[in-house]
Each structure stands twice: as C-alpha cells, then as structure tokens.
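Take these sequences, add in the hints, and give me the full structure.
Chains S and C, in that order, give the protein sequences.
Those letters in the first sequence? Residues 1 to 193, per my numbering, in order.
Those letters in the second sequence? Residues 1 to 166, per my numbering, in order.
Simulated from the structure, these hints should not be mistaken for laboratory data.
Yeah, the Cβ is synthetic: ideal placement off N, Cα and C, and Gly gets one too.
Wrong hints could be hidden among the right ones.
As the list claims (entries may be wrong) - For lysine to aspartate or glutamate, the following EDC-like pairs were computed, each having C-alpha atoms within a straight-line distance of at most 16 Å:
#	chain 1	residue 1	chain 2	residue 2
1	C	Lys-43	S	Asp-73
2	C	Lys-43	S	Glu-57
3	C	Lys-43	S	Asp-161
4	C	Lys-31	S	Asp-73
5	S	Lys-67	C	Glu-35
6	S	Lys-83	C	Glu-35
To be verified - Short derived list, chain S residues pointing at chain C, Cβ under 10 Å:
#	residue
7	Gln-28
8	Gly-46
9	Glu-57
10	Val-76
11	Asp-156
Said to hold, decoys possible - The following label-pair restraints were derived from C-beta to C-beta distances:
#	chain 1	residue 1	chain 2	residue 2	range
12	C	Leu-143	S	Ala-158	53 to 59 Å
13	S	Lys-40	C	Trp-7	56 to 62 Å
14	C	Gly-108	S	Ala-158	32 to 38 Å
15	C	Ser-80	S	Val-104	51 to 57 Å
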Amino acid sequence: MKKFILTVALVLAVVTSLVAGTMAAYTQQLDTTSEAITTKTFSIKGNMSDNFTKAIEIAPGESVEYKLEIKNDGEVNAKLNMKAAIVAAAGDEINGLKLEVVSVEKITAGEVVDGKSVNFTTGDGKNDMLRVGETAKVTLRVTWVYANDDTTNAQDNADMDKASSQLSVTVNATGLASSTTYAIGDVDTEFGN
Amino acid sequence: MKRAWKWILPAALAALVIFVFSYGSLAAFTKSLSETSAVIRAKSFTFYVNESSSQKQSLGDAALAPGESKDYTVVLDGRSCETAVDATVTLKVGYDGAWPEGLSVRCGGEDVSDGCKKTFADLQSAGETKSVTYTVVWDDPHLDNYEPYRDFTLHLSVTVEAEQSR
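Have a look at this one:
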C-alpha cells in the first residue's frame, strides 16, 4: 500500500512539473520612465520708468513721478511684498521731500509712514495673488513740500546746498503652491503591444 | 527613570527627523529685487545783486551840494536760478540832522523820501536783468544860508529779498 502511495505521489510530482511548463502564458514586461521632472521657473522682473535712472533736480513746490512695474515672469504664482522709501543718497537727505502713492494695480498700498516710506503687498489668496504673467503697477510721486515760513525756508536753503536723496524700492516675492495637483488619472499613460 | 529615558531619546530623534523633513517641504521659491533711483538734488538758487551774490554790499558814500544829484542803481539778476524767482526791493531812508529844503529821493519819477517797496516777478524766466535806480536830488532852494544843513547825513538802506515763486 505504501509503495502505491509513493508511486502515485512521484507520478503526480512529475506530471505537475510538466504541466507547469505548458500552463505558462505569454508574458511581457514594460518599463516606462517619465519625462524629466524639472523645477518651474520663478522669475520676478522689475521695470522702472526712465527717470528712475536719471538724476533729478527739484525745488520746493515741485514733484517728480516714478512708475514701477513688477512682472511675474515665471511659471509660479507669487505673493509680493514691496517697500518704497525716500532715503539719503549720501550724508544729508532733502528734508522736505514727501512720498505719495498716486495709483496701484494688482497690488495694495499701505499707509505712507512719515511721508517717507510705504509698504505694498499682494495677497496669497486665489483672487489677490500675482498670477503668472501678471504685472503689479505702482505710481509714486515725490514732492518737495512748499512752505513759506522761517524754519522751513532755513531748512530748504540748507538742503539746497548739500543734501540729496534717492528713492529705494525693495521687492520680496514668494512662490505660492500651485492650485493644480497631478493625480494618477491626470497622467496620460499608454501601453502599446 | 531608566524607563523614561527609553522613550525620551527615540521621541527626540523622531521629532528631529520630522522637523528636518518639514523644514524642507515648507521652503518655497523666493526672489528679491532691490532698486535705487538716481540721485534727487535741489535746483540751484543763486541770485545776483549788482553782479554779486554776497549778502552785504556798500553802494558808496557821496557828498552833495545844492543843485547836484546822485544815482544809486540796484541790478537784479535771477538768471542763474533754476526756478522762477520774485524779488522784492525795499528802500529805507534815515537821516541825521535837519532835512535840507529841496532834497528828495526819487525812483521812477516818484518821490520815495519816506522809503518804498517794489516787487519784480518771475525774474528767471524773463531772461534779463531788472534794475532800480534811486536818485538823491538836491534841488537848489537858493537860500542865503545853508549852514543849518552842514551836519546832515542821509542813510539809504536797500534790501533785496529773492524768493522762489510758486
């Protein structure tokens, strides 16, 4: 009896090993590699009006306007923080100069502090961020305030001889997370034969 | 106590690892831009009186006899100012002694013996100088005796105030 069982088991083992070969189906292995994943560009470009690079001469009662444009030139939406300020060029500054915001586009102006500096910002929300391709525009006016009193006249006369100022603009841009995320379903996959 | 350390060390290591990875994932693209304009300077404002910009000038002394006169001219030149400029010329007259009969100070045909003030507007854009002439005239009264006027002295003071016009 034992012999019979052993024999049957051996036969089954042989048959199974043979069948395994014949049961194999067509198989194919596909190795796919995505295209290179690279970083999006993040670029902010400033464009100032021509007079920004020209020396300006001004007298009490006169003013000069500067137009500033900050373009989101990259591929990522951005939040901008910007500061404009009248600063001394070297040594004494022209005391009577006052900064005003004439107009803004795609950016919000804060309060002018002491007539000398002002902060601007875009939001980081869907509707107030600086989107790709958009340009934030700011027009600023620098005025030498005219006042005809002894104190101011003395200060203006002193500034006339030796003072000089500049307009300083600083922009900090932060890239915002994209509103588009790629799910598997978004990937266009095709397996050929 | 030994048991506590068994937990504290792994927990601290885990926190550190999480922090390091979080820091990396929180980083975003950033870009800064900084621009400074060219210099803003004051326009020049130099006004000349009688071809001089000094604060004080002497128009000179004179001694007059009856029938004589003396002109004092003040030339106003605002052409070197880079802004529009108005100038106000003020004449003050003072004297010691007895005012002589027939003596007068005149300007533009008017008697200004008590002083006067005259304003000249927009001297820069006019592109030319302006002048004011004060004339001290002693019309001879043909008196027999001029001795009472021997110690008479006339003081003329002219102030020019140049001011940037709005």
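We went through each hint and held it up to the structure:
no. : hint                                 : verdict
1   : C:Lys-43 with S:Asp-73               : 39 Å, violated
2   : C:Lys-43 with S:Glu-57               : 5 Å, holds
3   : C:Lys-43 with S:Asp-161              : 9 Å, holds
4   : C:Lys-31 with S:Asp-73               : 12 Å, holds
5   : S:Lys-67 with C:Glu-35               : 13 Å, holds
6   : S:Lys-83 with C:Glu-35               : 11 Å, holds
7   : Gln-28                               : 38 Å, violated
8   : Gly-46                               : 5 Å, holds
9   : Glu-57                               : 5 Å, holds
10  : Val-76                               : 6 Å, holds
11  : Asp-156                              : 8 Å, holds
12  : C:Leu-143 with S:Ala-158: 53 to 59 Å : 55 Å, holds
13  : S:Lys-40 with C:Trp-7: 56 to 62 Å    : 43 Å, violated
14  : C:Gly-108 with S:Ala-158: 32 to 38 Å : 37 Å, holds
15  : C:Ser-80 with S:Val-104: 51 to 57 Å  : 40 Å, violated
The structure fails hints 1, 7, 13, 15 (numbered hints given earlier, in ascending order).
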